[in-house]
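Here the protein sequences line up with chains A and B, keeping their order. Counting in this note's numbering, the first sequence runs from 273 upward without gaps. Counting in this note's numbering, the second sequence runs from 273 upward without gaps.
Among the hints, erroneous ones may be present.
Copies of the same chain are indistinguishable here, so a pair counts whether it falls within one copy or spans any two.
With a cut-off of at most 20 Å between alpha-carbon atoms, the simulated SDA-like pairs for lysine to any residue come out as follows [to be verified]:
#	residue 1	residue 2
1	K414	Q370
2	K414	E400
3	K393	E309
4	K393	D422
5	K393	I313
6	K414	R388
7	K375	E406
8	K393	P382
9	K396	E359
10	K414	D306
11	K396	V418
12	K375	D422
13	K414	S368
14	K393	D279
15	K414	P360
No lab work stands behind these hints, which were simulated from the structure alone. Just so we're clear, the structure is a prediction, and the values are computed from it rather than from any experiment.
Protein chains: 2
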Amino acid sequence: MTRAIQDTYPESLAWCYGCGRLNERGHHIRTVWDGDETVAIFTPEPWHIAVPGFVYGGVLASLVDCHSTGTAAAAAYRAARRAPGSEPALRFVTASLQVNYLKPTPLGVPLTIRARVTEIKDRKVVVESTVYAEGIATVTGKVVAVQIPDNFGQR
Amino acid sequence: MTRAIQDTYPESLAWCYGCGRLNERGHHIRTVWDGDETVAIFTPEPWHIAVPGFVYGGVLASLVDCHSTGTAAAAAYRAARRAPGSEPALRFVTASLQVNYLKPTPLGVPLTIRARVTEIKDRKVVVESTVYAEGIATVTGKVVAVQIPDNFGQR
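All chains should be built: construct the whole structure from the sequences, respecting the hints.
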């Protein structure tokens with residue numbers, strides 16, 4: 273299996289419910305490069321339903337979210353010409369998340385999400401993405417990701 | 273316990289991972305009126321983490337999503353001067369979801385989300401919301417909800 277961006281996160285940042293490899297109950301969303309785009313393949317569980325037969329929007333939002341912050345991290349390493357995962361870690365959090373539900377997403381098939389960086393500047397990366405089910409685009413997303421600030425979590 | 277909007281959904285529409293009372297693995301988000309606003313209280317599980325100590329953004333997006341579609345349904349019944357849950361069911365899906373993460377949301381405390389309808393017209397309802405942790409606003413959301421079309425799920 274190709275190494276994903278999330279596989280390179282340091283252990284302290286690998287607990288995310290959406291994409292943390294160490295979160296046993298999480299979704300384990302995994303992002304890899306495909307040329308200038310990134311791609312993740314994710315199959316929702318049978319209980320991830322909105323109405324029977326279709327995927328819950330919150331899970332689709334999670335897919336957009338983690339694939340985009342993963343893409344932001346990967347792009348930041350590329351921009352810095354650094355090896356993914358090298359210290360100090362470039363890890364991003366979501367400042368804003370926009371999800372458009374174009375049509376119902378069928379449950380029971382693998383979903384493919386493809387993303388592209390549309391802006392990268394200082395500590396901010398903008399990522400736009402599309403989710404496909406059986407080749408049909410069902411969701412688009414836009415995430416503004418910011419590098420985790422040194423004072424993260426202080427109030 | 274006060275009856276929630278989601279308690280009135282017909283059984284066929286009560287399986288949502290975010291708010292369906294019949295989804296045993298779901299979040300069971302419950303929306304009630306408080307004057308002209310709606311409120312839901314939700315305590316994330318210990319594994320719903322972004323980085324240790326803080327709530328995962330995808331779960332916060334789910335909270336915004338289901339509380340807003342629930343609010344849309346409740347508002348549509350009010351606007352129609354009909355009893356909540358009366359047939360034919362007024363049930364909404366999300367057309368678009370916008371979530372702004374103002375600051376990290378601490379894990380381990382009950383979250384309160386309050387929402388208000390800012391537009392209601394024909395089959396469309398716009399809902400704006402704020403999530404609070406320990407009285408501090410950490411997330412704002414905006415959802416465009418549309419009444420489930422008769423041809424939902426046809427492609």
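Do the hints match the structure? See the list:
no.: 1; hint: K414 to Q370; result: both (5 Å within a copy, 9 Å between copies)
no.: 2; hint: K414 to E400; result: both (4 Å within a copy, 19 Å between copies)
no.: 3; hint: K393 to E309; result: within (18 Å within a copy, 39 Å between copies)
no.: 4; hint: K393 to D422; result: within (18 Å within a copy, 45 Å between copies)
no.: 5; hint: K393 to I313; result: neither (28 Å within a copy, 37 Å between copies)
no.: 6; hint: K414 to R388; result: within (10 Å within a copy, 24 Å between copies)
no.: 7; hint: K375 to E406; result: within (13 Å within a copy, 37 Å between copies)
no.: 8; hint: K393 to P382; result: neither (33 Å within a copy, 36 Å between copies)
no.: 9; hint: K396 to E359; result: within (19 Å within a copy, 48 Å between copies)
no.: 10; hint: K414 to D306; result: within (19 Å within a copy, 32 Å between copies)
no.: 11; hint: K396 to V418; result: within (5 Å within a copy, 33 Å between copies)
no.: 12; hint: K375 to D422; result: between (39 Å within a copy, 13 Å between copies)
no.: 13; hint: K414 to S368; result: both (8 Å within a copy, 11 Å between copies)
no.: 14; hint: K393 to D279; result: neither (24 Å within a copy, 46 Å between copies)
no.: 15; hint: K414 to P360; result: neither (26 Å within a copy, 35 Å between copies)
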